[in-house]
Amino acid sequence: MVYKHFFGRTESGEAITRFSLFNHNTMEVDLLNLGASLHAIFVPDREGRAEDILLGCDSPEDYIRSPHMGGTMGRVAGRIKGASVTLAGKEYPLTANDGGNHKHGGRQGFDRRVWKWRTHDLDNCVIFSYDSSDGEEGYPGNLHLEVSYTLTNENALVIHYTASSDKDTVLNLTNHAYYNLAGEGSGSVFDHLLEIPASTYTPGDKESVFTGEILPTAGTPFDFTTPCRIGERISDDKAYFPNGGYDLNYVLDPAVEGENSLHPAAELSDPKSGRQMSVFTTEPSLQLYTANTLRDIKGKGGKLYSPFEAVCLETQHYPDSTARHPFPGLILPAGETYESETVLFFGLMGESGKE
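End of the sequence shown sits at 355 in my numbering; the numbers just go up one at a time, nothing left out.
A few of these clues could be false.
Claimed, not checked - Here are the simulated DSS-like pairs of lysine-lysine, each with C-alpha atoms no more than 27 Å apart in a straight line:
(1) LYS116 - LYS167
(2) LYS272 - LYS300
(3) LYS167 - LYS90
(4) LYS4 - LYS298
(5) LYS81 - LYS238
(6) LYS300 - LYS4
(7) LYS4 - LYS116
(8) LYS206 - LYS167
(9) LYS4 - LYS303
(10) LYS167 - LYS81
(11) LYS272 - LYS116
(12) LYS272 - LYS303
To be verified - Label-pair restraints from in silico Cβ distances:
(13) ASP123 - HIS144: 19 to 29 Å
(14) THR17 - THR293: 26 to 36 Å
(15) SER84 - GLN108: 17 to 27 Å
(16) SER186 - ASP121: 29 to 39 Å
(17) THR225 - GLY187: 19 to 29 Å
(18) ARG229 - LEU122: 35 to 45 Å
(19) ASP253 - PRO221: 15 to 25 Å
(20) ALA334 - PRO307: 36 to 46 Å
Everything labelled a hint here was simulated from the structure, so no lab data went into it.
Cβ atoms here follow ideal geometry from the backbone N, Cα and C, with glycine treated the same way.
Build out the structure end to end from the sequences listed, making use of the hints.
Right, dumping it as structure tokens:
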């Protein structure tokens with residue numbers, strides 16, 4: 001059963017609905033049609049106490065002003081250098097909303113839009129849809145996309161994306177949820193354990209734009225091929241941490257172009273509560289962000305969120321991999337179907353044989 005509640009109105013008067021999904025294991029997932037967003041995830045700890053593990057907001061206005069909390073990012077998540085793309089020899093200027101670069105779909109990216117919705121009660125599922133018009137934020141093509149969220153009785157949250165366009169365009173969708181497995185508003189995630197099966201990463205320049213290189217993680221603070229405390233290696237070294245924490249894209253092992261099967265992307269654990277989240281995806285890479293610039297953001301219950309109170313694990317294509325870089329591309333040809341899936345499995349440490 002999907003439960004629906006009035007959440008509020010945008011400044012332009014559009015009604016926002018909150019959707020609640022439940023399973024038989026006291027898990028709850030709350031969604032919003034503003035941005036096709038994840039609003040809350042309640043997960044039991046080792047004592048059976050269910051707490052919300054997502055940072056978020058209490059009103060549509062706060063969400064629109066927030067740093068993309070829980071939203072669906074697009075058309076292209078991350079940054080595009082120079083705020084332009086070239087398709088078939090034609091250049092398309094995009095909205096420059098991050099200095100001279102384009103970031104997270106522009107000033108009014110998908111997470112700032114109100115989506116249509118439908119529900120499948122028997123499947124414990126909500127499907128959001130949005131039609132992005134030709135020229136929106138500078139992107140070519142009329143794009144139709146859908147994002148579905150399904151909560152299973154095996155404590156899996158399945159996020160499935162599909163899209164198609166009537167012109168060649170670029171697309172890179174992800175979800176920008178801020179996770180704290182100890183509970184939102186509970187403080188730093190430095191003691192969380194993180195594992196990412198990635199032996200290489202794609203470095204960024206001083207503007208956090210993808211340089212086109214692929215470098216090894218071995219011997220750097222970026223190596224999470226074995227579980228490590230998130231805060232263990234963060235330092236004042238500007239060469240590695242120009243923003244004070246992690247904000248980089250990992251190339252997942254193995255990341256096979258064209259592969260359309262789920263593979264491991266990350267495992268996040270909180271020793272204090274015992275909660276554990278395993279991430280699987282069809283995408284070739286994962287952006288790790290430790291909320292380094294989160295300062296005095298108005299959150300749930302009037303809390304003010306601070307840096308390092310959450311971690312984002314954004315499954316995606318390689319950033320800015322358009323014609324500038326010969327890597328798994330963002331280009332969606334006209335008439336073809338984009339499809340992507342990410343699955344979050346929730347449980348307790350030790351259930352998978354790891355502590």
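When the hints from earlier in the document are held up against this structure, which numbers fail? Hints 8, 11 not satisfied by this model.
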